[in-house]
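Mind docking chain B on chain A? Use the hints.
There are 2 protein chains.
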Amino acid sequence: MDIKTIIYDYREKINRQLESFLANKIEEAAGISPDVRDVVVNATEYTLRGGKRLRPIFFIYGYKCISDGDDNAIINASISIELMQSYLLIHDDIMDEDELRRGKPTFHVLYKDICEREFGDAKSVRFGENMAILTGDLLEAYGEEALANSDFDARYVRRALCKYLEIVRKVGYGQIMDIMSERKGSITADEVLTIHRLKTASYTIEGPLQLGAILAGAGERDLQVMSAYGIPLGIAFQIQDDILGLFGREAKIGKPVGSDIREGKKTLLILHALERCTDDERRFILRTMGNEHITADEIEAVREIVRRTGSFDYSKQLVRSNTERAIEAMENSDFRADAKEFLIKIADFIGEREY
Amino acid sequence: MDIKTIIYDYREKINRQLESFLANKIEEAAGISPDVRDVVVNATEYTLRGGKRLRPIFFIYGYKCISDGDDNAIINASISIELMQSYLLIHDDIMDEDELRRGKPTFHVLYKDICEREFGDAKSVRFGENMAILTGDLLEAYGEEALANSDFDARYVRRALCKYLEIVRKVGYGQIMDIMSERKGSITADEVLTIHRLKTASYTIEGPLQLGAILAGAGERDLQVMSAYGIPLGIAFQIQDDILGLFGREAKIGKPVGSDIREGKKTLLILHALERCTDDERRFILRTMGNEHITADEIEAVREIVRRTGSFDYSKQLVRSNTERAIEAMENSDFRADAKEFLIKIADFIGEREY
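First to last, the protein sequences are chains A and B.
Positions in the first sequence are counted from 1; adding 47 to them yields this note's numbering.
Positions in the second sequence are counted from 1; adding 47 to them yields this note's numbering.
Quick caveat, the hints were computed from the structure, so don't treat them as lab data.
Predicted, not measured: the structure shown is a model, and the values here were computed from it.
Certain hints may be false.
Since the list gives no way to pick one copy over another, a pair counts as held whenever it fits inside one copy or between any two copies.
What the hints assert, rightly or not - The calculated lysine to aspartate or glutamate pairs, modelled on EDC-like cross-linking and capped at a C-alpha distance of 20 Å, are: (1) Lys231 with Asp82; (2) Lys231 with Glu163; (3) Lys231 with Asp168; (4) Lys210 with Glu75.
With the rest of the complex left out, here is chain A:
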C-alpha cells in the first residue's frame, strides 16, 4: 500500500467532485444575476486553489472502516467537509485580517480589489468583507447540502448532519475562545489545548472520520474508537503545524516562516518556552509577538530560545506520543483491514510531515 498514491488518487477524485458540485451552483447563480454568478465562480476558484484534502480523505476512510460500499457515493458526500473548510477559512481570514490564502488574495481582499477597480475606493473594505461574510455563509449551506443530498439511508444522513452541525458549533466555540484570548492578551496552556481540541481535532480528523462512519451505519462504540484515534492525532497535527510555523521552510509550508509570531499567535511551543526562559528572553519574545515587521534575525533568535528551553524537543515529543496513542487505538480496533492499515500509515505520515 503506497499511501501517497492513495492520497493523490483520492485528492483528484475529491477535486473533480468539488468542481462538479460547484459547477451546478454556478449554474444556479447564473440564473439569478451575473454578479451572483461571479461570486460563486470566485468561491469555486478559492475552494479549488489547493489544500491537501486530508479532511475528505479521513471522511472516506471513516466509511471504509465499517463498509466496503460504493466509493462514488462516499466521495460525493466527503466534499461537505471541504466546503465547511472553505467557509471557515473565508470567515477566519476576515477576522484575522489576513490578505493571502494559499498564495492568492483572501476572499475579502479579492472583493475589496474588485470594488476599487469597478466602483471606486469608497467603502471598499466594507464591501469586500460583506461579500466574504455572505460567501462563507453560502459555502456553509453548500457543505450541508452535499451531505443532506448524499446517497445514503435517510436515518444515517440525519445523524451525520447532526454530527456535522456539532463540528460547526465546536469550531465556532473554539474560535470565540481564540478571539477572546487574543484580545485579552493572555492565554494558558490549558486554554490553548481546549482551542486545539475544539478547532482542529474535532474537524480535522475525529469529525470527518465519524461522519463517514455514520454514513456506513456505525455504532456508538465505533465512533468512540474514532475519537480515541482522531483526538490525539488531531492534537499531534496541530502541534506539528505550530512547529512548522516556526521552523518549517517557506517553500514547503506555503506561508511565510514565522507568521505565527507575526500574528501574535501563542502556540504551545511559545507558551512552553515563555515558562522556561529568562526574563530578558521573555520580554524579547513578547515584543516580537504580533510585530508585523519582525526580521529574519529576530525569528532566528526566537527559534534559539525555543530550542534552548527544551520547548522544541518537548513539542516534538508531544507529537510523537500523541501519534503513538492514535495508532494504538486504531490497532486495537476491529475495523476493516485496509482502512486500518491506511489510517495507521497516515498517522505516521502526519507525525513526520514537513508541510
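Using the frame of chain A, we list chain B on its own:
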C-alpha cells in the same frame, strides 16, 4: 376563530421553545468557557428580544395544512426558521453597519461596547464584528440542528433540511444582489422584485409553509400551492413594509420613520415615484437618499412626492392584488379546513397591518 389570539398563543409557545432550546446551548457553552457562555447568553437575549414570530407560525400552519398531528413536535421544529432569522439579522446588521435592532444595540455593537469596557478601544470595531460573524454562524448551525433533531420521519427531515438550505442560498443570493446594487448606486424595478422574491418571499412565507408541510409528508403539488400563496403574499408583505417604512408611525413599527430613506434603500415605492416626478423632485429625492441627517420636513416632502406621483396608491394596490392572489390560491386548495381558514385570515391581516 380569533386570529390574533391564535397568533398570540403560538408566539408564546414558540418563545418558550426557543428559550428551552437556547438554554441547552448556554449549558453546552458553559462547559467550555465563561466567555463562550456569555456569547450564547447574548445570542439568546438577541433572539428573544421581540419579533412577531410570523415565520414559525407559517411553519406550523404549513404542517397543519396537511396533518393534524402533534403540536409540540412541530412547534419544536418551527424554531429553526426563527434561529435562521436571528443569524441573518446579525450578519445583515454588520453589513449595513446598523447600530440598533429592536430598540437595542445590534450584536456587533454590543460586543464593540463590551470590548471597550473590558479591554480598551483598540480594535474594538473589529472585535465586535468578529464576535457577530461567529455568533451568526453559530445560530445558523443551531437552526439546522433544531430541524435535524426534530421528531419526524428521517426522510421528511432530510427533505426539509434540503429546503431549509435552499432558503439560506436564496437569501444569500438576494443579499449579494442587494449589496452589489447598493454599491453600484443603480437598481431597476425588476432587480428590486428579484431581491424581494429571494430575500423576503422565500424565507418569510413560502419557505416556512413548505418546511412545515414537508415534515407532514406533503407532495410536490401541495408545495406548489404553498408557492402560489406564499410568493405573492411575501411580496405584499415586503411592499407593505416599504410603505410603513415611509408612512408608518414610529411607535408602531419600532424603528425611526424614514429609515429606508436614511439608508438609501431604493424601494419599489421610491423607484416608482422617481420615474414619475419632475427633474427637481428627482434631484431632491436622490439627495435625501442615504442622508443620515434628513429632517422631518424633508421626509414629509418625500412623502408628498410619493403621494402626488401616484406611487403610494400604486403600491397599496400592489399589496391588495398580491394579497388577493394569495387568498385565491389558498381557497382553491384542498388543505385542511382550519389551516386554510387561518392562512386566509392572516393574509388579510398582513395586507392591512400597521406594523
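Hint by hint, here is what the structure shows:
For the identical chains of this complex, lysine 231 and aspartate 82 are inter-copy neighbours only, at 11 Å across copies versus 40 Å inside a copy, given an alpha-carbon limit of 20 Å. When the C-alpha separation of lysine 231 and glutamate 163 is checked against a cutoff of 20 Å, the pair qualifies only between copies, where the shortest distance is 12 Å, while the shortest distance within a copy is 34 Å. Taking CA atoms no more than 20 Å apart as the test, lysine 231 paired with aspartate 168 passes between copies only; the shortest distance there is 12 Å, against 33 Å inside one copy. Taking the shortest alpha-carbon separations for lysine 210 and glutamate 75, only the inter-copy value of 15 Å comes in at or below 20 Å, while the best intra-copy value is 28 Å.
Of the numbered hints listed earlier, not one is contradicted by the structure.
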